[in-house]
Amino acid sequence: MTVGAICRARTLLVALLVACAVAAGCSGAGVFNREYEYEEELYLSLDGSATLNVHASVASLVALRGAGLDPDPLARVDLDQVREWFGGEAAGVSVSLARRDGRRFVHASVNVADVGDLSRLVPFAWSAYRFDRQDDSFEFRQVVGPSAGSPGSAVQWTGEETVVFRMHLPSDILYHNAPSRRVERGNILEWEQSLAERLAGQPVDVEVHFASESILYTTLLLFGSTVVAVAAIVSLVIWWIARRGRDDDVAEPAAPASGTR
Numbered sequence: 018m019t020v021g022a023i024c025r026a027r028t029l030l031v032a033l034l035v036a037c038a039v040a041a042g043c044s045g046a047g048v049f050n051r052e053y054e055y056e057e058e059l060y061l062s063l064d065g066s067a068t069l070n071v072h073a074s075v076a077s078l079v080a081l082r083g084a085g086l087d088p089d090p091l092a093r094v095d096l097d098q099v100r101e102w103f104g105g106e107a108a109g110v111s112v113s114l115a116r117r118d119g120r121r122f123v124h125a126s127v128n129v130a131d132v133g134d135l136s137r138l139v140p141f142a143w144s145a146y147r148f149d150r151q152d153d154s155f156e157f158r159q160v161v162g163p164s165a166g167s168p169g170s171a172v173q174w175t176g177e178e179t180v181v182f183r184m185h186l187p188s189d190i191l192y193h194n195a196p197s198r199r200v201e202r203g204n205i206l207e208w209e210q211s212l213a214e215r216l217a218g219q220p221v222d223v224e225v226h227f228a229s230e231s232i233l234y235t236t237l238l239l240f241g242s243t244v245v246a247v248a249a250i251v252s253l254v255i256w257w258i259a260r261r262g263r264d265d266d267v268a269e270p271a272a273p274a275s276g277t278r
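Remember, the numbering used here sits 17 above the position in the sequence shown when you count from 1.
Hints listed in this document are in silico derivations from the structure and should not be mistaken for laboratory results. Check each hint, because a few of them may be wrong.
Unchecked claim - Ranges between beta-carbon positions, derived for each pair:
{"no.": "1", "residue 1": "253", "residue 2": "130", "range": "18 to 28 angstroms"}
{"no.": "2", "residue 1": "247", "residue 2": "87", "range": "52 to 62 angstroms"}
{"no.": "3", "residue 1": "257", "residue 2": "230", "range": "34 to 44 angstroms"}
{"no.": "4", "residue 1": "250", "residue 2": "200", "range": "27 to 37 angstroms"}
{"no.": "5", "residue 1": "165", "residue 2": "94", "range": "33 to 43 angstroms"}
{"no.": "6", "residue 1": "249", "residue 2": "162", "range": "17 to 27 angstroms"}
{"no.": "7", "residue 1": "222", "residue 2": "64", "range": "16 to 26 angstroms"}
{"no.": "8", "residue 1": "217", "residue 2": "90", "range": "48 to 58 angstroms"}
{"no.": "9", "residue 1": "220", "residue 2": "247", "range": "25 to 35 angstroms"}
{"no.": "10", "residue 1": "257", "residue 2": "229", "range": "26 to 36 angstroms"}
All of these numbers come straight from a predicted model, not from anything done at the bench. For each residue, glycine too, the CB sits at the ideal point set by N, CA and C.
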């Protein structure tokens with residue numbers, strides 16, 4: 018292969034890599050841009066185990082779930098108290114604190130072997146969960162009932178606060194009743210509600226049917242097939258460039274010998 022052919026192949030490979038990087042960056046942008054006062058994010062597995070992440074202001078935990086915390090933005094928050102309220106070590110809980118708009122927010126992650134066990138924990142007792150196998154698919158139901166907090170607290174709500182119940186599904190979604198009807202990247206669904214509606218106890222009805230085969234398996238299979246196809250195309254392009262280089266060398270006329278008469 019000539020030097021020119023090698024340069025052309027290198028330029029092509031760089032262009033392919035840049036295109037892939039740009040595509041990956043664009044696909045990951047703009048999934049979650051909205052800020053919520055209270056947010057539940059459920060990661061459900063095919064065996065029924067689950068991880069539930071909660072991102073919520075201290076004020077919303079007091080107003081919605083009756084947490085024994087001080088909603089004053091300047092008040093100290095006891096992490097051990099928060100961890101115990103979410104279920105403690107028995108539920109595999111981890112908690113952390115953050116501040117947004119000058120107010121305290123709690124981030125908690127709860128792991129359970131059976132998603133139905135969440136309703137036995139105080140923060141999630143407002144929900145009834147059902148997880149059933151239906152032939153070659155699964156059916157998940159969650160009904161969020163009335164809040165059990167203190168809506169008449171000293172917190173002055175603006176009326177624009179929202180809450181969300183988000184689900185990350187492990188396989189292809191066959192049916193769902195999410196209001197937006199939109200499935201985000203990675204099989205993610207959302208059920209939004211205003212904080213006022215949640216305080217008033219308006220129920221949230223979640224229903225999802227999904228396939229019994231993990232999306233991770235199909236994703237890895239698709240990714241592997243794509244890698245093989247790209248590798249084959251790149252090899253074919255390099256072969257074609259190398260052959261063109263050889264053809265150019267053969268077609269180039271020989272220089273006349275010096276000193277001829």
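Hints, one by one, checked against the model:
no.: 1; hint: 253 to 130: 18 to 28 angstroms; result: 50 angstroms, violated
no.: 2; hint: 247 to 87: 52 to 62 angstroms; result: 56 angstroms, holds
no.: 3; hint: 257 to 230: 34 to 44 angstroms; result: 39 angstroms, holds
no.: 4; hint: 250 to 200: 27 to 37 angstroms; result: 30 angstroms, holds
no.: 5; hint: 165 to 94: 33 to 43 angstroms; result: 20 angstroms, violated
no.: 6; hint: 249 to 162: 17 to 27 angstroms; result: 55 angstroms, violated
no.: 7; hint: 222 to 64: 16 to 26 angstroms; result: 24 angstroms, holds
no.: 8; hint: 217 to 90: 48 to 58 angstroms; result: 25 angstroms, violated
no.: 9; hint: 220 to 247: 25 to 35 angstroms; result: 48 angstroms, violated
no.: 10; hint: 257 to 229: 26 to 36 angstroms; result: 44 angstroms, violated
Taken one by one, the earlier hints fail for this structure at numbers 1, 5, 6, 8, 9 and 10, listed in ascending order.
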